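Next come the chains, spelled out residue by residue.
6 protein chains.
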Amino acid sequence: MKILLVNPNRTQAVTDAVLAAGWTAARPGTSLVAVTGRSGPLVIGSRAENAIAQREVLELAAAHGADADAIVLGVSLDTALWACRELFTVPVIGMTEAGLLMAATVGTRIGVLTLGRAMVPLYEELAAAYGMAARVAAVDAVDIMPAQALAQPHAVREALCAAIARMRERRGVDVVLLAGAALASMAADAQAASPVPVLDGVACAVALAQARVDLRLPPSTLGADAPLSGRDVTGVSPALAARFKDSSRSSS
Amino acid sequence: MKILLVNPNRTQAVTDAVLAAGWTAARPGTSLVAVTGRSGPLVIGSRAENAIAQREVLELAAAHGADADAIVLGVSLDTALWACRELFTVPVIGMTEAGLLMAATVGTRIGVLTLGRAMVPLYEELAAAYGMAARVAAVDAVDIMPAQALAQPHAVREALCAAIARMRERRGVDVVLLAGAALASMAADAQAASPVPVLDGVACAVALAQARVDLRLPPSTLGADAPLSGRDVTGVSPALAARFKDSSRSSS
Amino acid sequence: MKILLVNPNRTQAVTDAVLAAGWTAARPGTSLVAVTGRSGPLVIGSRAENAIAQREVLELAAAHGADADAIVLGVSLDTALWACRELFTVPVIGMTEAGLLMAATVGTRIGVLTLGRAMVPLYEELAAAYGMAARVAAVDAVDIMPAQALAQPHAVREALCAAIARMRERRGVDVVLLAGAALASMAADAQAASPVPVLDGVACAVALAQARVDLRLPPSTLGADAPLSGRDVTGVSPALAARFKDSSRSSS
Amino acid sequence: MKILLVNPNRTQAVTDAVLAAGWTAARPGTSLVAVTGRSGPLVIGSRAENAIAQREVLELAAAHGADADAIVLGVSLDTALWACRELFTVPVIGMTEAGLLMAATVGTRIGVLTLGRAMVPLYEELAAAYGMAARVAAVDAVDIMPAQALAQPHAVREALCAAIARMRERRGVDVVLLAGAALASMAADAQAASPVPVLDGVACAVALAQARVDLRLPPSTLGADAPLSGRDVTGVSPALAARFKDSSRSSS
Amino acid sequence: MKILLVNPNRTQAVTDAVLAAGWTAARPGTSLVAVTGRSGPLVIGSRAENAIAQREVLELAAAHGADADAIVLGVSLDTALWACRELFTVPVIGMTEAGLLMAATVGTRIGVLTLGRAMVPLYEELAAAYGMAARVAAVDAVDIMPAQALAQPHAVREALCAAIARMRERRGVDVVLLAGAALASMAADAQAASPVPVLDGVACAVALAQARVDLRLPPSTLGADAPLSGRDVTGVSPALAARFKDSSRSSS
Amino acid sequence: MKILLVNPNRTQAVTDAVLAAGWTAARPGTSLVAVTGRSGPLVIGSRAENAIAQREVLELAAAHGADADAIVLGVSLDTALWACRELFTVPVIGMTEAGLLMAATVGTRIGVLTLGRAMVPLYEELAAAYGMAARVAAVDAVDIMPAQALAQPHAVREALCAAIARMRERRGVDVVLLAGAALASMAADAQAASPVPVLDGVACAVALAQARVDLRLPPSTLGADAPLSGRDVTGVSPALAARFKDSSRSSS
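Chains as they are written, first to last, in my numbering: chain A, 563 to 814; chain B, 563 to 814; chain C, 563 to 814; chain D, 563 to 814; chain E, 563 to 814; chain F, 563 to 814.
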């Protein structure tokens, strides 16, 4: 099967990390294609940049998702996740959503670890929006910026391990999810020194997307992921506008 | 003071209704200016259209908000509310946020009434995101579409009154908030036949925006409404890009 | 418009502070009148004193509220708030209620700061009773008693600033509400050294009361703020007994 | 042991019903004394009357509780419960609190049944304040007023049974608590036709008060039920003022 | 890979249905083995039977799980799920847990549908225990007993479809999970007439187990799924006793 | 009356401690009988051991409970509590359930203190399952194992007092419940140095069981504690099998 990984940020290095992380969970016969934002934020680091990125997620999915069997959001705030589910009939999985759901099968107390203190409340709000707040025992951050993380991956490792130990000691977390596309593919490094499993959201999302394809669910005709029709939206690409007109008729 | 009302939908009639509703709460000396989306959805009726509209909210605010003393979101999903708070140092108030907060001073059990059953879960999720779920005793809808509501306002009145009576009888609501920009300025009609107060979100937002200006709070330097700086965002207008570079230096 | 500020405590200095704080948010044309408890607790510092003060709130409002356009409770536990709403048809606003609602428009994570550790659980319970617990990230206290706070206001400032920094560092609060009538009018002092906005509950309540008047809501005929009639209550003043007999017929 | 039952309402018939209900759970050697409000509401039927009754609860307990081994609040809103716990070192138990706690040992889904629809939200708020909301599956009411209930007890029975059946059918309640002092001693009647246990709050409170005495807990020196000292409260009886001065030195 | 399906009930027909449902999600190369309880309840229909079945789940897993790559609990109360996670280092997935997690990627409002009204609260409690209560909009039941369901599968279909329509209409569910091992493999039938996706818990569990294997997580050394060692348990099989002595050394 | 205390662990010393604690709350005329597990875990210290112990709880109760007026679970995870309620028509009370309910009448913020950090999440989950999470302000542990606690009771005292002081200081707990059968009868020791009441779960359970007997509630015919009938369960004792066949006909 083909899975499209969507990174709405403009940073190719993040896309590369997301793709590398995705391959760690791809089964034989799965092909992964990753695309990068052409405009919008360099890296999402605020609510405002996340707002801007929403349209780019939909545009990238519309431009590249026509023949995909599933779409994975390679952006750790799962930007426009439910919007995608209205516009695409194939499974759409968010990397942090998938990480939280997978983590829920590993431990009762989940720790979420991200880059930059300012992002902590955004992940707390995201977990709450998923109705998973009761399972998230801690959200913590290492004070390293994405760019720095990409430049000095090994320097990040120590900070991650220290934060994991802190969450384990203070909050008794049973499993840790790395939240931040820039952290993609760093789980193995962090795992080496961690007493609890460390999950990579992209890997979880690819694994979960494959599982969703295994289930062969029919499309909804009503409800939160039901296709749209007759919506008149301008200022977007013809491919995206066509999905608003009738997302069920689209080839994917 | 000057308050900018932002309607990211492309429907001028909604903007007109929003502006009319706003005037009902404007105090002497307050001037209201309302702007309409230039591209994006005709009327937001899905998560995907709400995702698309986020950027337009920021663009309209950046284009027209420079000299505003406060910004009111005239879109009932409060699209991009927290994003605006990062980009603007003046008070930014969402119409549904304001309606829920004002309603909380009227009754312990709030009812929210909107257009179209499909929107019900979106308002439930919005109330939960505001941490107000415990106060919202019911979210109900009249099965009338925004366009129809604008065309036949009096036809809507009966449906609203029936729904209000239903929420009162079944869920014991003490106060009702009309949620839906297309319902703006219909509160008075609905009130005439309602045993409990009926609130208009735009009027509440204008009143609350004036109150926020009365408080003369200093800008944050940290936290959820702290100004952004140094964010590199492309594909947006120069005015909006400048706010991402340094929202505290902007004139408003 | 005329707003009555009710302080059921017997301490005139608290009333003076409440009135001074109220003026900071009064708009031109608003007159404020503040009244002080004649019997009951010197300063409310326990659940038992709060129980005793409930009747005095109602008596003061009945004695002085006849021509008020709104009533503000200048007592930080919002003593008898919903009771007043049954007995008065004008808007009644509690200072801590208003502070929490206004703070919700500033930040996603609210910090509440009061005087005396023993009061912390009472404010946590009050926030929960308002359905706002999800928004309150921290309730903390400075170990200074009200009398001391009034006597040495400047000595209080350092303690407040240290506590604000602590709540910011440990709990990531975006905005701080000073809860405690004895702290009224100390917000400006605390603000000077705070990275996040510091709200005064009385100022918020006056601003919100003015906003409620701007909305010109009709009285309820059912529900939590519906007028009472035919209630037979003895041992209270004739004015208050009359309100229990028919609160809708009362002049205010 | 001696247990004081406090009914702050002015209706002797309610006190008689409370006392009768209490005796059904009194063990050999337990004596019950019930007292009635001398001023305040005839029967609490609103938030405002409940506010007024708070002081009378404290006055009655101060006047008659000196030699009691425990105090039971024979008022179904548990008026001034935590206030009493600060002023008295003996166990103080509320009738609805006790009913909810006992019901929690009978079924996972508790139904609360009261008199008058207007009271439903007050009991929902009370259950939430006790942190028991997750256990209360339904709060329902029979539209009969307390006076009528006392006058025509048998007429009430059918209404209660119909409501119990409705709560069982629609909400799957496993156990029902009758909330309303005027319903005291009607549990046996209602039980006769109920498939699930029907609890009387006063009986539960007497049983729980006896259990608390069995435990012989020492008084707190800190926390929610720690004695008060040095509180200066005027406008109350000397006995009550003395408790505010030092509740630990009082004979009970 | 090999996945062991554990049905602790003594009914072979349920095991057959569970196995058939599992195959619908098995990917090429996955082998499924299903085992049936040798003693305990015929079909779990009460809390007491669920308590008895806990040990049989562990015994069956210990007896047959040695060479399994993952274990799926084919019992809809996910009996002994976390206990298994302590005793086995391979992924262990519960059928209802998996159904809820997969459903969370399909819709925001999940409906759970089971057999027999008496089971409704057990599933509500299970969803709450998983921290998923906020996502479960309705738990409903068809009043058909497992034995009857197995005997007349087609008769069940109509009842299921009616219940799905009811949950859709009244609670706005976006996706439905069939909860009840006896319903395994009936999802396709129900799906045919459903406007929203209908999930089979066993299929979801097999798909999720395969996904967990794809992730190749290391075993925990601390936390909720960390292996046990040195626990002295008698009255169980040597294989199970050995796992209590040291579950990390066991071959699976 | 006769109360049966059930300790499913195989450690007689725990049973002795449970019985000693029980006597501290037994009233004149109450006889206590305590029984010990014959097989299963030595001491429950994991979820897996708790799963194994469930059947032993039911077997012990069936073997010894025939003439009991109430059953108390002398195991601090309240193992199989609701299962027992289906199988026995007399009151069944769990020691931690009782401790939490009694503590709720003492303070608003309950602290739970157990043995071994690994048990902390289990008690948090238990409190949540009882719907009491909002009342539990802290769950903490002393890092002493049950065997050690039994061997060196006085050594445990210091650790308990330090932990109580820590919970008081950091979380403001008003009352502390000792959770852990091995801690039974240590409450008095811990109380001597504690500023807040320290509760023993077994004593609370005996007191509450006596209170439940005082209430003389009729058996349920529907709901969570309704008797079972016609359940076919094998691999259990004839006495227990008979209860599954018809628990209402059983002598107790």
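Just so you know, not all the hints are guaranteed correct.
Claimed, not checked - When the alpha-carbon atoms are kept at most 27 Å apart in a straight line, the in silico DSS-like pairs for lysine-lysine are as follows:
hint, chain 1, residue 1, chain 2, residue 2
1, A, K807, A, K564
2, E, K564, E, K807
3, E, K807, A, K564
4, B, K564, B, K807
5, C, K564, C, K807
6, C, K564, B, K564
7, F, K564, F, K807
8, D, K807, D, K564
9, F, K564, D, K564
Claimed, not checked - Beyond 10 Å from chain A on every Cβ pair, some chain E residues (computed):
hint, residue
10, A628
11, D631
12, T667
13, T670
14, G678
15, A695
16, R697
17, Q714
18, A724
19, P757
20, L784
21, G785
22, A786
Keep in mind the hints are simulated off the structure, nothing from the lab.
Predicted model, so just to flag it, every value in this text is computed and none were measured.
All C-beta atoms, glycine included, are put in the ideal place defined by N, C-alpha and C.
Evaluated hints:
1. A:K807 - A:K564: Given that 27 Å is the threshold and the Cα spacing comes to 25 Å, the pair holds.
2. E:K564 - E:K807: It holds: about 25 Å lies between the C-alpha atoms, which stays within 27 Å.
3. E:K807 - A:K564: Outside the cut-off at roughly 45 Å; violated.
4. B:K564 - B:K807: holds, 25 Å
5. C:K564 - C:K807: holds, 25 Å
6. C:K564 - B:K564: Measuring from Cα to Cα gives roughly 25 Å; hence the hint holds.
7. F:K564 - F:K807: It holds: about 25 Å lies between the C-alpha atoms, which stays within 27 Å.
8. D:K807 - D:K564: Between K807 of chain D and K564 of chain D the Cα gap is close to 25 Å, so the pair holds against 27 Å.
9. F:K564 - D:K564: OK: K564 of chain F and K564 of chain D at ~25 Å, within 27 Å.
10. A628: Check passes; 21 Å lies beyond 10 Å.
11. D631: holds, 13 Å
12. T667: violated, 6 Å
13. T670: violated, 5 Å
14. G678: holds, 26 Å
15. A695: At about 7 Å from chain A, A695 of chain E fails to clear the 10 Å cut-off, so the statement is violated.
16. R697: Violated: least Cβ distance 4 Å, not greater than 10 Å.
17. Q714: holds, 25 Å
18. A724: With a cut-off of 10 Å, A724 of chain E remains clear of chain A, as the shortest Cβ separation is near 16 Å.
19. P757: violated, 4 Å
20. L784: Answer for L784 of chain E: violated, closest chain A Cβ roughly 4 Å.
21. G785: Given that some Cβ of chain A is not farther than 10 Å from that of G785 of chain E, nearest at about 3 Å, it is violated.
22. A786: The claim breaks: A786 of chain E does not keep its Cβ more than 10 Å from every Cβ of chain A (closest is about 4 Å).
Hints 3, 12, 13, 15, 16, 19, 20, 21, 22 from the earlier list are contradicted by this structure; the remaining hints agree with it.
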